[in-house]
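Quick mapping for you: the protein sequence lines, in order, are chains A and B. The opening residue of the first sequence carries number -8 in the numbering used here; numbering runs sequentially from there. The opening residue of the second sequence carries number -8 in the numbering used here; numbering runs sequentially from there.
Among the hints, erroneous ones may be present.
[Said to hold, decoys possible] Listing some non-contacts, in silico: residues in chain B with all C-beta distances to chain A over 10 Å: (1) G101; (2) T195; (3) K294.
[To be verified] Simulated restraints, written as ranges between beta carbons of each label pair: (4) B:G89 <-> A:S65: 41 to 49 Å; (5) A:E196 <-> B:E263: 31 to 39 Å; (6) A:S65 <-> B:Q87: 45 to 53 Å; (7) A:G38 <-> B:P47: 51 to 59 Å; (8) B:G89 <-> A:K(-7): 52 to 60 Å; (9) B:Q205 <-> A:P68: 45 to 53 Å; (10) B:T195 <-> A:N40: 44 to 52 Å; (11) B:T195 <-> A:G38: 51 to 59 Å.
By construction, these hints were calculated from the structure, which means they are not laboratory data. Here the structure is a predicted model, which is why all the values come from computation and not from measurement. Cβ atoms here follow ideal geometry from the backbone N, Cα and C, with glycine treated the same way.
Protein chains: 2
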Amino acid sequence: MKGAVLYGPRDVRFEERPAPKITAPTDAIIRISATCVCGSDLWPYRGANKVEQPTPMGHEYCGIVEEVGSAVRSVRPGQFVIGSFFASDNSCPNCQIGYQSSCQHREFVGTAQAPVLRVPLADGTLVKTSDIPTNDLVPSLLALSDVMGTGWFAADAANVKPGSTVVVVGDGAVGLLGVLSAQQMGAERIIAMSRHDSRQKLATEFGATDIVTQRGEEGVARIKDLTDGVGADSVLECVGTRESMMQAIQSTRRGGYMSYVGVPHGVELQGEQLFYTHIHLHGGPAPVRRFLPELIERVYGGKINPGKVFDLELPLDQVAEGYRAMDERRAIKTLLRPS
Amino acid sequence: MKGAVLYGPRDVRFEERPAPKITAPTDAIIRISATCVCGSDLWPYRGANKVEQPTPMGHEYCGIVEEVGSAVRSVRPGQFVIGSFFASDNSCPNCQIGYQSSCQHREFVGTAQAPVLRVPLADGTLVKTSDIPTNDLVPSLLALSDVMGTGWFAADAANVKPGSTVVVVGDGAVGLLGVLSAQQMGAERIIAMSRHDSRQKLATEFGATDIVTQRGEEGVARIKDLTDGVGADSVLECVGTRESMMQAIQSTRRGGYMSYVGVPHGVELQGEQLFYTHIHLHGGPAPVRRFLPELIERVYGGKINPGKVFDLELPLDQVAEGYRAMDERRAIKTLLRPS
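With the rest of the complex left out, here is chain A (with noise of 0.2 Å):
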């Protein structure tokens, strides 16, 4: 079989990689209905996260199973299924409360840009639909895989309540989804801060009711400005820069709430200036198997459409124009379809 396999900046290949097989019983090997290309795929694509070897690529899938190892019970050949990209046995203590992806037995799921992919602890992981969707729900549920739990999970650590004043930092894909997420959990103001007219326009879709272009120290002020100078009491991070987090820290209201769900690169916060800011602080890799379920249904019931976010859709034989065309910010976000 072919897949993704980034050799270095810039450099993903389409190539033969051996086809996955069963290695444990609790394993399960599904056929990708669609993948596509993460934000956080192109830190290393940039070259800012080191490219050790040349390394298969995809951590968000949905598909058909195909096969199960001897152990699986909840999941069997011919469902469609949808799974996060940490595997999770869901039943240690970090998983009982909630933190999936800090399963004692994670394990990560990141060979998913091909059309065939082993899911390991796959009971744990995996969760299955009522039926088979039709084509359109596709692009939906794939997001729940990674960019609409992690938008659900930020605006979740986040504290968003009815008639919650919300601030995301950031406005690609995961940003735009937290947008979505803020709108469904009864935000009554919604600021997205976006300086593309494309992502400002689905963020207002999503439910953004104000759009902030500034940034850093005039984006905060504009921030203060609208929330009568006390800032926003939830706060999205949705980058992961020092640029966007110390954004975030300062649009916070004081005894507000900040999430950060995009993995932080070079930053460093100094103890005494966040103790003053006395905000609550909650993040890290979204916990998607928990809300998996949850955001299935509401998918289903036409409540959510996070497949907007997908604003091209390639064969996955394309793979490489995907990605150029997310770094280059022609898109928010690809997807990829095996032929």
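Given chain A, work out where chain B should sit, using these hints.
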């Protein structure tokens, strides 16, 4: 009148200072029943914070109202009152959500090691007791002014609930009262990190179920041993050094809560490291005012006796010895009574 003035490292003098007067219609003047030396007073005393000029000291106080400004409505001369180290209007947006120590009009009350004190924003700051307390209650009521309120905030910010497993880092007065607070909130297991006999004893009296004497990596390993390898639900960081923060972060379970209430000194947190811990982080200067009414009730009702942290009582004119005893760890906390 004479009061305490810090001139430089280990140089506290008891010397003539101008007697405070009403300067704004919202002020009150109180005659101090008791004041004390705070762990945070030791930072400048030890030279960790620079002392730019001779500085009056003291931010913990309770006493009898002597005089009030023309706008003061809630307290009157003759009443016994307690206030926090930050005066607050108790009505701004930050106060309204319970963060009075981030009041938009806050003023630090920093001249309390004296027989008479001016308290700004008296209506928002001072809480009166139902009567003039007997002398034996005064130490516990004084403790509410900072250390007990701060320990309570530490437990509250670390989400201590009935049944929680709690770790308290720091065996100063705040840490010990963090233990007491966790006990009051129904924690099932309270692990105090302490290597000093007298402090271990008081921690146990306040409700600690386990004592850990190890520090650093070893301390963290011991906490993991005691919690099935998972870490604690709630960790209260009551010191403010880099070492204590790291110990606290690493002792917290994934998805758990860590609070920090000591002003951080030289603490830098790496974003990426924090990200993967999956902890909730909250802290800052304790909004003592939020908790005063409830804590006064608990003292009057005999439920808590936070005054036990005062293991040295001196007349105010011996304030320099009070600092020395704490600096040399001969005393946990020094209570001072004006003569």
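- Item | Those earlier numbered hints the structure runs against, lowest number first | Hints that this structure does not satisfy do not exist here, as all of them hold.
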